[in-house]
Amino acid sequence: MAAKEEEICFKKETVSKLLSSSFKEDKTKLSGDATQLMREMLRVFVQEAALRSLKQAESEDCNQVEIEHFEKILPQLLLDF
Amino acid sequence: MSVDKEEVDQRLKAAVHYTVGRLCQRIGEEHRREFSRQTVAAIAETTFRECDTFAKDLEAFARHAKRSTVSAEDVKLLARRSTALSIHIQNKSEELAQEQRESRKKSSGKRKSRDTEEEESKE
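In order, the protein sequences belong to chains A and B.
Residue 30 in UniProt numbering is what sits at position 30 of the first sequence, and the numbering runs on without skipping anything.
Residue 40 in UniProt numbering is what sits at position 40 of the second sequence, and the numbering runs on without skipping anything.
Just so you know, the hints here were simulated from the structure itself, not pulled from any lab data.
Small disclaimer: the values here were computed from a predicted structure and weren't measured.
It cannot be assumed that every hint is accurate.
What the hints assert, rightly or not - Covered by chain A, according to a simulated footprint, are these stretches of chain B (three or more residues, beta-carbon under 8 Å):
(1) 16-28
(2) 54-64
As the list claims (entries may be wrong) - List time: in silico DSBU-like cross-link candidates among lysine-lysine, alpha-carbon distance up to 35 Å:
(3) B/Lys66 <-> A/Lys27
(4) A/Lys17 <-> B/Lys5
(5) A/Lys17 <-> B/Lys13
(6) A/Lys55 <-> A/Lys17
(7) A/Lys11 <-> B/Lys106
(8) A/Lys17 <-> A/Lys72
(9) A/Lys17 <-> A/Lys27
(10) A/Lys11 <-> A/Lys27
(11) B/Lys66 <-> B/Lys5
(12) A/Lys55 <-> A/Lys11
(13) A/Lys12 <-> A/Lys24
(14) B/Lys5 <-> B/Lys105
(15) B/Lys66 <-> A/Lys24
(16) A/Lys55 <-> B/Lys66
(17) B/Lys105 <-> A/Lys55
(18) A/Lys72 <-> B/Lys106
(19) A/Lys55 <-> A/Lys72
(20) B/Lys105 <-> A/Lys24
(21) B/Lys66 <-> B/Lys56
(22) A/Lys55 <-> B/Lys106
(23) B/Lys13 <-> B/Lys66
(24) A/Lys55 <-> B/Lys76
(25) B/Lys13 <-> A/Lys29
(26) B/Lys5 <-> A/Lys12
(27) B/Lys66 <-> A/Lys12
(28) B/Lys56 <-> B/Lys5
(29) B/Lys66 <-> A/Lys72
(30) A/Lys72 <-> B/Lys105
(31) B/Lys13 <-> A/Lys24
(32) A/Lys17 <-> B/Lys76
(33) B/Lys76 <-> B/Lys105
(34) B/Lys106 <-> A/Lys24
What the hints assert, rightly or not - Computed footprint of chain B on chain A, listed as stretches where at least three residues anywhere in the stretch have a Cβ under 8 Å from a Cβ of chain B:
(35) 22-29
(36) 34-41
(37) 51-60
Each residue gets a CB set at the ideal place from its N, CA and C atoms; glycine is no exception.
Put together the whole structure using the sequences plus the hints.
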């Protein structure tokens, strides 16, 4: 049961490559701890995006979460991160 | 050169999309709702672009502290805008530090206390 509830998260390599590719200077590096924390940060970001969209869909009585639901919650989401 | 970078970008985007899809599916199942494919794609794209902003902020924070390596402290600073998120990231950071201490201890003694709650109540 516990194995099924295993948390879905971004891969370490994905996060570190993603961030490293956006650094302006080549010598900027990412520590292991920072990578782990950024994985969590991105997971929370996606979870918030999904949950807020879902709540929006719920309040409009829709069974499927559509892009307009996400559009409605997007401005506040970006302000919170 | 630039073609190479584009390909790497595409792959990273695909990786992000994959994880976002899985997270959305899990959350949808928990609430008996479904995410349209467009929504998943939009969340993935937003995450991908947000990452760029995050990376530039982190780099600037590290530079401001006269470091060239982004540390856990920089990530904590990144999470400052929302109190709940900031606390969550702090706790996660302590959890990680605790785990590292434990794995170091394992080689000498075998004291395992996995209760993170105990750790939190000490503060």
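**OP:** Verify the coverage statement for the stretch 54-64 of chain B against chain A, using a C-beta to C-beta distance below 8 Å and requiring 3 or more qualifying residues.
**Re:** holds (count 7)
**OP:** Would you check chain B against the stretch 34-41 of chain A, counting CB to CB pairs closer than 8 Å, and say if three or more residues qualify?
**Re:** Answer holds; 6 residues pass the 8 Å Cβ test.
Original post:
Does the alpha-carbon distance linking A/Lys17 and B/Lys76 stay inside the 35 Å limit?
Top reply: Roughly 20 Å between the alpha carbons, so the hint for A/Lys17 and B/Lys76 holds.
Subject >> Hinted pair B/Lys5 and B/Lys105, Cα distance within 35 Å >> reply: Violated: B/Lys5 and B/Lys105 sit about 42 Å apart, past 35 Å.
Original post:
Has the given pair, A/Lys12 with A/Lys24, been kept, meaning a C-alpha gap of at most 35 Å?
Top reply: Within the cut-off at roughly 21 Å; holds.
**OP:** Take the C-alpha atoms of A/Lys55 and A/Lys17, compute the straight-line distance between them, and say whether it is at most 35 Å.
**Re:** holds (32 Å)
Subject >> Holds or violated: B/Lys5 to A/Lys12, with C-alpha atoms at most 35 Å apart >> reply: Since the Cα atoms of B/Lys5 and A/Lys12 sit roughly 20 Å apart, the hinted pair holds (cutoff 35 Å).
Original post:
Straight-line Cα separation of A/Lys17 and A/Lys27 no greater than 35 Å?
Top reply: holds (14 Å)
**OP:** Starting from A/Lys55, check that the Cα of B/Lys106 is at most 35 Å away, please.
**Re:** violated (45 Å)
Original post:
Holds or violated: A/Lys11 with B/Lys106, Cα cutoff 35 Å?
Top reply: This hinted pair holds, its Cα atoms lying about 26 Å apart.
Original post:
Hey, B/Lys66 versus B/Lys5, does the alpha-carbon distance stay inside 35 Å?
Top reply: holds (29 Å)
Original post:
Taken at face value, is the distance from the CA of A/Lys12 to the CA of B/Lys66 at most 35 Å?
Top reply: Judged against 35 Å, a Cα distance of about 25 Å means the pair holds.
In terms of the numbered hints stated before, the structure departs from hints 14, 16, 17, 18, 20, 22, 29, 30, 34, listed from lowest to highest.
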